[in-house]
Amino acid sequence: MSRLRLGLELDGSSRGRQVCDVVQALARAATVRGALLVAPDGFAIAAEVPPTVAIEPLAALAATLGRDLEVGASRLGRGAFQTAMFSSDDGTLFLAASCIGFMVALAEPQGSVQAIRGALEEAVTAIDSSWASSAPAATAT
Amino acid sequence: MSVVFQRLWRPGFSRREPTAAELFGHADRLRRAGRYAEAAELVSRGLDQDPASVTGHLLAAYLHVARRTMEPAKQEFRWVLARDASHPRALLGLARIALEEGDIDGGREALARALRAYPDFPEAQALLEGLATRRPARPPGRPRLDRLRLPAAARALLILAGDGSVLAARPEGASEQGLRLARTVSLAAATMKRAGLGPLRRGIVADDDAVHILRADVTITLAVMLPRTTRITQGLLEVNRLWAAAQHELAVAKNEVVEAAAPADAGRVS
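Taken in sequence, the protein lines are chains D and V. Just so you know, the numbering used here puts 96 at position 96 of the first sequence, and the rest follows in order with no gaps. So the numbering used here is basically just the index in the second sequence, starting at one, shifted up by 141.
Everything labelled a hint here was simulated from the structure, so no lab data went into it. In this text, a Cβ means the ideal position worked out from N, Cα and C, and glycines have one as well. It is possible that part of the hints are untrue.
Claimed, not checked - Going by beta-carbon spacing under 8 Å, a handful of chain D positions derived as facing chain V:
1) 45
2) 51
3) 52
4) 58
5) 65
6) 71
7) 72
8) 106
9) 110
10) 122
What the hints assert, rightly or not - Distance windows between CB atoms, simulated:
11) D:30 to V:368: 51 to 57 Å
12) V:212 to D:52: 35 to 41 Å
13) V:273 to D:109: 23 to 29 Å
14) V:349 to D:89: 38 to 44 Å
15) D:24 to V:189: 34 to 40 Å
16) D:30 to V:403: 25 to 31 Å
If we strip away everything but chain D, and leave its shape as in the complex, we get (with noise of 0.2 Å):
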């Protein structure tokens, strides 16, 4: 069972529907239980997650760690954050950096790292360079 968000459920944009097939597509990847895209504000722009999950805390720690590693890596001069994974006994959390926030995938323990970090990266593409290529230049007030 699993749930699904869309920020965007209104607007029917082709970029939403991409944003939602591309969250869909990495929680159902093998050994996925579940994925989320995060905005930078720890708003949850999509998610598919087990209905055990609550969506909004989940989603303001994984911005709030997704910053921290981002003005970490800034801070000291590295460059910029690419990718995290955290594991436990229980399951795995990888954390990579888009352009409109941080895409989370909750894996099972025994899940291949390369295979899930590989199909995270392609989430993570698909989604920059959707925004690339579409997003109009303005100013935030």
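Position chain V against the provided structure of chain D, taking the given hints into account.
Structure of chain V alone, referenced to chain D:
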């Protein structure tokens, strides 16, 4: 006029400028879809119409955070708090920025304020968990971690006690990163808990220049920085070797403490 035509012909409705509230509503939907630039344009138009809108300024703050521009985000969150001192979302936003800036106490205080006003605020509760000071757990004695042999390619080694204090650092300047590592480990552990995973055991963090590999248990966290070109399997082997050596030194130190505590004549046959 037919009903269908009446529905289509609504010049008064279709030509009017959207209200600030409509602009903010649409901007929020775009923001939640990651379409920050389009959302920012609508927020800007909305604030032109209604410069004193709390919703507008809050959205502007979110968009600055989403685009990683923290100074203007802080100003916007503060603008909101100047009008509503216990606004939970503004407090959460400021707390997250404080954490990024290394101001743990400031972040904790903002989260506590948000939870005082709104005790049922799952995001604030989760972040506060991520900042929880770990149980003071220092290994007994003085483990000789200086005896650990680093891999030739290693750029830095950091070993933290369970309470986050630095037990060993190489080179010496690496100890300055102890606080940051402790926070990262704490946030990662809290994120894993919320994801339904168990206690953090291993981590690999890669950036453009380096790969950091860590192992952790309740007693210590050991982290090694290696060049980005290092093969992960090789890095893991090196960290496992260091971990075993560190555990050996901890056991030796513990034995020394036990022996020192034992009475001098204990075990003597009279």
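Results of checking the hints against the structure:
Using the Cβ-Cβ criterion of 8 Å, the hint placing residue 45 of chain D at the interface with chain V is satisfied: the shortest such distance is roughly 5 Å. A hinted interface residue such as residue 51 of chain D counts as satisfied when its beta carbon comes closer than 8 Å to some beta carbon of chain V; here the least separation is about 11 Å, so the hint is violated. A distance limit of 8 Å between C-beta atoms decides the matter here; for residue 52 of chain D the minimum to chain V is near 6 Å, and the interface restraint holds. Among the interface hints, the one on residue 58 of chain D holds; its C-beta lies about 5 Å from the nearest C-beta in chain V, closer than the 8 Å criterion.
The beta carbon of residue 65 of chain D comes within 4 Å of a beta carbon in chain V, closer than 8 Å, and the hint placing it at the interface holds. Checking residue 71 of chain D against chain V by beta carbon gives a least distance of about 5 Å; that is within 8 Å, so the hint holds. A hinted interface residue such as residue 72 of chain D counts as satisfied when its beta carbon comes closer than 8 Å to some beta carbon of chain V; here the least separation is about 6 Å, so the hint holds. Taking 8 Å as the C-beta contact cut-off toward chain V, the hint placing residue 106 of chain D at the interface holds, the least distance being around 5 Å.
Among the interface hints, the one on residue 110 of chain D is violated; its C-beta lies about 14 Å from the nearest C-beta in chain V, farther than the 8 Å criterion. Against a cut-off of 8 Å between C-beta atoms, the interface hint on residue 122 of chain D is violated, since the closest Cβ of chain V lies about 16 Å away. For the pair residue 30 of chain D and residue 368 of chain V, the beta carbons lie near 31 Å from each other, so the given range of 51 to 57 Å is not met. Here the CB-CB span from residue 212 of chain V to residue 52 of chain D is close to 39 Å, well matched to the stated 35 to 41 Å.
The supplied range of 23 to 29 Å is met by residue 273 of chain V and residue 109 of chain D, whose beta-carbon atoms lie about 25 Å from each other. Between residue 349 of chain V and residue 89 of chain D, the C-beta spacing of about 31 Å breaks the proposed range 38 to 44 Å. The hinted range of 34 to 40 Å is satisfied by residue 24 of chain D and residue 189 of chain V, whose Cβ atoms lie roughly 39 Å apart. Separated by about 55 Å at the C-beta atoms, residue 30 of chain D and residue 403 of chain V break the suggested range of 25 to 31 Å.
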